[in-house]
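Undergrad: Chains A and B, in that order, give the protein sequences. Its first residue numbered 1, the first sequence is counted upward by one per residue in the numbering used here. Its first residue numbered 1001, the second sequence is counted upward by one per residue in the numbering used here.
Just so you know, the hints here were simulated from the structure itself, not pulled from any lab data. These numbers were taken from a predicted model, which means no experiment stands behind them.
Just the calculated beta-carbon pair ranges, DEER-fashion:
| no. | chain 1 | residue 1 | chain 2 | residue 2 | range |
| --- | --- | --- | --- | --- | --- |
| 1 | A | 96 | B | 1050 | 21 to 31 Å |
| 2 | A | 353 | B | 1049 | 49 to 59 Å |
| 3 | A | 95 | B | 1017 | 44 to 54 Å |
| 4 | B | 1036 | A | 158 | 30 to 40 Å |
| 5 | A | 255 | B | 1036 | 53 to 63 Å |
With a cut-off of at most 20 Å between alpha-carbon atoms, the simulated SDA-like pairs for lysine to any residue come out as follows:
| no. | chain 1 | residue 1 | chain 2 | residue 2 |
| --- | --- | --- | --- | --- |
| 6 | B | 1015 | A | 30 |
| 7 | A | 129 | A | 103 |
| 8 | B | 1015 | A | 76 |
| 9 | B | 1015 | A | 74 |
| 10 | A | 24 | A | 348 |
| 11 | A | 12 | B | 1008 |
| 12 | B | 1011 | A | 13 |
| 13 | B | 1011 | A | 73 |
| 14 | B | 1011 | A | 57 |
Here a beta-carbon is modelled for each residue, glycine too, at the ideal position from N, C-alpha and C.
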Amino acid sequence: MTGVRVLVGTRKGAFVLTSDAGRKSWTVDGPHFGGWEIYHLKGSPLDPDRIWASQSGGWFGQQVQRSDDGGKSWNPVGKDFSYASVPTTHQWYDGTPHPWEFARVWHFEPSHFDRDTVFAGVEDAALFKSTDAGDSWTEVKGLREHGSGSQWQPGAGGMCLHTILLHPTDEQRIYTAISAAGVFATDDGGESWEPRNKGLKSGEIPSEAAEVGHCVHNLAMHPSAPDTLYMQKHWDVMRSDDAGGSWTEVSGNLPSDFGFPIDVHAHEPETIYVVPILSDSTHYPPDGKLRVYRSRSGGNEWEPLTKGLPQDHCYVNVLRDAMAIDSLDDCGIYFGTTGGQVYCSPDGGDSWDAIVRDLPAVLSVEVQTLP
Amino acid sequence: MTRVVLPYHLKNLAKVEGEVQVEGSTVAEVLGAVEALHPVLRGTMRDSAGKRRAFVRFFACEEDLSHVDASEPLPAKVLDGSEPLLVVGAMAGG
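Throw the hints in and build the complete structure from the sequences for me.
TA: In structure tokens:
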């Protein structure tokens, strides 16, 4: 392993941060697409130089850009995200029916089976798939048509499909998460889907028995234990050991039950990371201290990681796609803040340093471990 | 030829500098010609049904053409090339 490439999406463009394996000295390239909202960038695990970027804005709509040289140059590809059938309705914030309307791409998930296949999670919530590297997109319509769509409702950020987990060995198995609908899974490549939200508790919003309506913020999985899923929910950190069939709370001693990202150590399937944020209206760290929390036991027992992070007067947020993990031997952890900082820990979270401090608000962080 | 001035972000997207010159005597024809010349701009000024995007405006000869029927002829000075058609990202925000 020779280095890492960190892909940062912000409110005002994309940035590419590169370093050797020491992760102490960084080159910062950008902004790409200056002035546009870059919700997410992600590279192919089969071809790291192939990267997709979601470029959008209120004035001129959605663009999708693809790089085939590691982010040095970009070319626009397909941006037609037409729903596959009559969109029908979901619930609006007040519970009234509202038609499905495309707003933007929140997340790309490139396949680890085929370098030309990539999935896109969009708002209003739907899953799209491209098998020609993003030149064209087709809705995986079984998700939206499985029956519960009329009950889905937007979260504060919109009704977005924000998380896509691909099973490491079984191409037919996919997990998605939608705010505020919940987790949905397919075992047949997207033909049929089912909600997997049993055990999620959110103070009767919705009721614990509700099949959908849960405000899931993020999911994570370790490829060596793909039936174990971790979840940061609007309230609580949750764990499932049966592929989402049932969930139990593992918030333990966390200082807050709210947060956005969750991720798993590259080499330790039971080591997970979250960034507690105060719920619900403030959305900044408890006590003005920016702390990543690490559990080495798959939840319940958590330790704060603070070395190198601001421990007073810090009121930034860390959004759901703004944390990433590299796979170097000394696993690196990365996250970006709404204050424009991108932090790196080259030692599994023990110590942190800012790669950059003054970017626009960070929407997403991904990292590629380069050969 | 009709002269078209694109906003900053669309110039960058289409990788053009200065004005774009296309054939067309109505807003709809001009936009269609611009989109044909620069396919990346499809969907940025109007949707697939031809409806103007909410925060995009069209001006020429100090007139706001945003709410004029897009099939109406452009002003004479635009047609004779002495004035451009301006595509503008609407001022928004606070």
